[in-house]
Amino acid sequence: MSHQRPADSRIVKVEGLARVEGEGTLRVEVSDGVVERVELEIFEPPRFFEAFLQGRRHTEVTDIVARICGICPVAYQMSASLAIEDACKVAVTDQITALRRLLYCGEWIQSHALHIHFLHAPDFFGCADAVELAGLDLAAVQRGLDIKKTGNHLMEAVGGRAIHPVNVRVGGFHRAPSPEELNVLVEPLRRARDEALTSLEWVAGFEFPDIEIDYRFVSLRHPDYYAIDSGRIATSDGLDLDAKGIAELVVEEHVSRSTALHARLAGKDVYLTGPLSRYALNSAQLSPLAREAAAAAGLGAVCNNPFRSIIVRAVELVYACEEALRLIEAYEPPNPSYVEVPGTAGVGYGATEAPRGMLFHRYELDEEGLVRTARIVPPTSQNQLSIEDDLRRVAQANLSLSDEDLTWLCEQTVRNYDPCISCAAHFLDVSVERR
Amino acid sequence: MSESTVVTQPTLAVWKFASCDGCQLSLLDCEDELLGVVGAVKISHFTELSRAEEEGPFDVSLVEGSITTAYDMARIREIRRASSLLVTIGACATSGGIQALRNYADIGGYISAVYAHPQYISTLAQSTPISDHVAVDFELRGCPIDRHQLLEVITACLTGRKPVIPGHSVCQECKGRGTVCVLVAHGTPCLGPVTRAGCGALCPAVNRGCYGCFGPADTANTSSLARQLTALGTSRIDVSRLFRTFNAGAPAFREESLTYESPETGR
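Protein chains in written order, with our numbering: chain U, 1 to 435; chain W, 1 to 267.
Hints were generated in silico from the structure; no laboratory data involved.
Errors might be hidden in some of the hints.
What the simulated footprint calls covered on chain U by chain W, stretch by stretch (three residues with Cβ under 8 Å from a Cβ of chain W suffice, anywhere in the stretch; the number is not a length) [unchecked claim]:
(1) 68–74
(2) 132–146
(3) 156–164
SDA-like cross-link-like pairs, simulated, lysine to any residue; straight-line CA separation at most 25 Å [to be verified]:
(4) K42(W) / Q142(U)
(5) K89(U) / D238(W)
(6) K149(U) / L35(W)
(7) K175(W) / T219(W)
(8) K42(W) / A139(U)
(9) K42(W) / G126(U)
(10) K175(W) / T188(W)
(11) K42(W) / S287(U)
(12) K149(U) / F124(U)
(13) K149(U) / E33(W)
(14) K149(U) / E39(U)
(15) K149(U) / V37(W)
(16) K162(W) / E139(W)
Short, incomplete list of chain U residues facing chain W, as computed with Cβ under 7 Å [what the hints assert, rightly or not]:
(17) P45
(18) P46
(19) R47
(20) F48
(21) A51
(22) R101
(23) F125
(24) A128
(25) D129
(26) K149
(27) N167
(28) N304
Think of the CB as a built atom: it goes at the ideal place given N, C-alpha and C, for glycine as much as any other residue.
Let the hints inform the model, and build the full structure from the sequences given.
Put into structure tokens, the structure is as follows:
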């Protein structure tokens, strides 16, 4: 498969993955031993959420935007709730905020467990998938399933359903679960936390490509808690913004190769959102157990190696289990389970941390509460340029690899991001051209 | 590997069109059964799970998502040709999904509302279910589908029998679990009487009305329910909105949403 000829004389085109699906392709062009161009092309058919939200009632938005993503519907529901409550100038109670955070922990647990064990880990073993990995390490795959199941149970207990929860409404919840309904999750969550610690040790032992990237980290930051459901927005170069501030600073660009918009900060700068950013900016707010486990896994204050994001996700997985346990122990059912949010004219902003990165929404409502305009900026759109940057560096540093191995490494580079384009990690058709 | 000694396992392929991935995730959400399922079949194509890929033909193809591009129109025909059984999963694949809201609008306006350069976007004016394009052997509904129903469909396909999936309404599920009727007792607008069962009547159990994510039940009397909703005080336009969500393209819901769209049309 590999054509070992001098780099400056070869033209190789590899259809690395024989994927025919339309979601995305990746092109890496190498000329004279230099990676000249990297393009992540996104073909995911456009679905036009921002357009068809126009004219819908503000109370319908959370159900509709959940359908953007089957893997992180809560992120969409939560960012939308915050934005609409901001537009209508309504604040929810602390009990409602805590219950939202608990639901969000469930989503982090199931999404991170899925990505760590099923989507990402197989790359480190040269396995096509977790089924093949189960042949090598059944316990690890089983552990992933167990943790994921507990995350889903938590989402069902609070949200009524794991995929597209039905219990969320603007202003809070349709119904507050009873303490008994949550207490049954304590034992499974303790087990999940312990299994997550085992998985953290497991992934910390993987072999990682040696690469360090000087990212501009962007993430929510909360003074008291590791940022998930609320907070202001911090950047590694010292900005401190609210959701409106980030929405105004981020400029999205529409390029011919993509049905996802490319985001830049202040119109020019590439930035990174997701676990590496959250960890770099918020590790002080992790629980003592998660912090110690991170140190034992070899993480410093900042992790600049994108391949090691699997370790950071495992730390966050430990944290999310612990945080869920803390929230259940302190749980007071909000009564009433929601605050009324009368529709009024206004503009509102909301940002939360989806498992794969910051997600912000902006809604403009008319006096009836109907949506006039909507803007939704998902994490993968924000990370797209950063993914391409990583690919350029990784490909350049690994030109000695065979086409097959280089293709796989490029795919893995994309999977480092847990991209949510089609909400699957395995969406790419990679071609490497060498001239 | 010697072909003669290998017991042939049925091949399963999972395909994605315009969708959120939630229905194929339902398969991965079968945490207790997943390893059993993948042990009973050979997974030939499932990009959410695996980078491995095999050529067809496929014994069973599960198809998620709706058709929204010319490219996908051609792709679904190829998948149909390569598949012995083709099962569509979820509201997108069975009725066009939430993105079928474009079917009521001017697509040019939609594109320019989202994208700065409409010329880069290639899309069809309508979002349509798979069955508008190829023959479908079974349609499993829901936004998302229910994972237990999915296991039933896969089991039925592998054993060569018809899936046992009820066509009655959500009302029966509410009665089954003893949930007080939110429509009768509280006057909450609820699509339960016309919506296919399968979710387990989740919404009334959290004190809200069913929002129809499983699409129309068999013999759904939508016009009767719509009249009742207006009698209880729901405005005509809100009745229209209620029918126009994740199954906006399903004929019974579409018809009612059009009837109630304008304040003048009486019934």
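Results for each hint:
no. : hint              : result
1   : 68–74             : holds (count 5)
2   : 132–146           : holds (count 6)
3   : 156–164           : holds (count 5)
4   : K42(W) / Q142(U)  : holds (20 Å)
5   : K89(U) / D238(W)  : holds (24 Å)
6   : K149(U) / L35(W)  : holds (14 Å)
7   : K175(W) / T219(W) : holds (19 Å)
8   : K42(W) / A139(U)  : holds (22 Å)
9   : K42(W) / G126(U)  : holds (19 Å)
10  : K175(W) / T188(W) : holds (17 Å)
11  : K42(W) / S287(U)  : violated (43 Å)
12  : K149(U) / F124(U) : holds (24 Å)
13  : K149(U) / E33(W)  : holds (12 Å)
14  : K149(U) / E39(U)  : violated (36 Å)
15  : K149(U) / V37(W)  : holds (17 Å)
16  : K162(W) / E139(W) : holds (12 Å)
17  : P45               : holds (4 Å)
18  : P46               : holds (6 Å)
19  : R47               : holds (4 Å)
20  : F48               : holds (4 Å)
21  : A51               : holds (4 Å)
22  : R101              : violated (19 Å)
23  : F125              : violated (13 Å)
24  : A128              : holds (4 Å)
25  : D129              : holds (3 Å)
26  : K149              : holds (4 Å)
27  : N167              : holds (5 Å)
28  : N304              : violated (27 Å)
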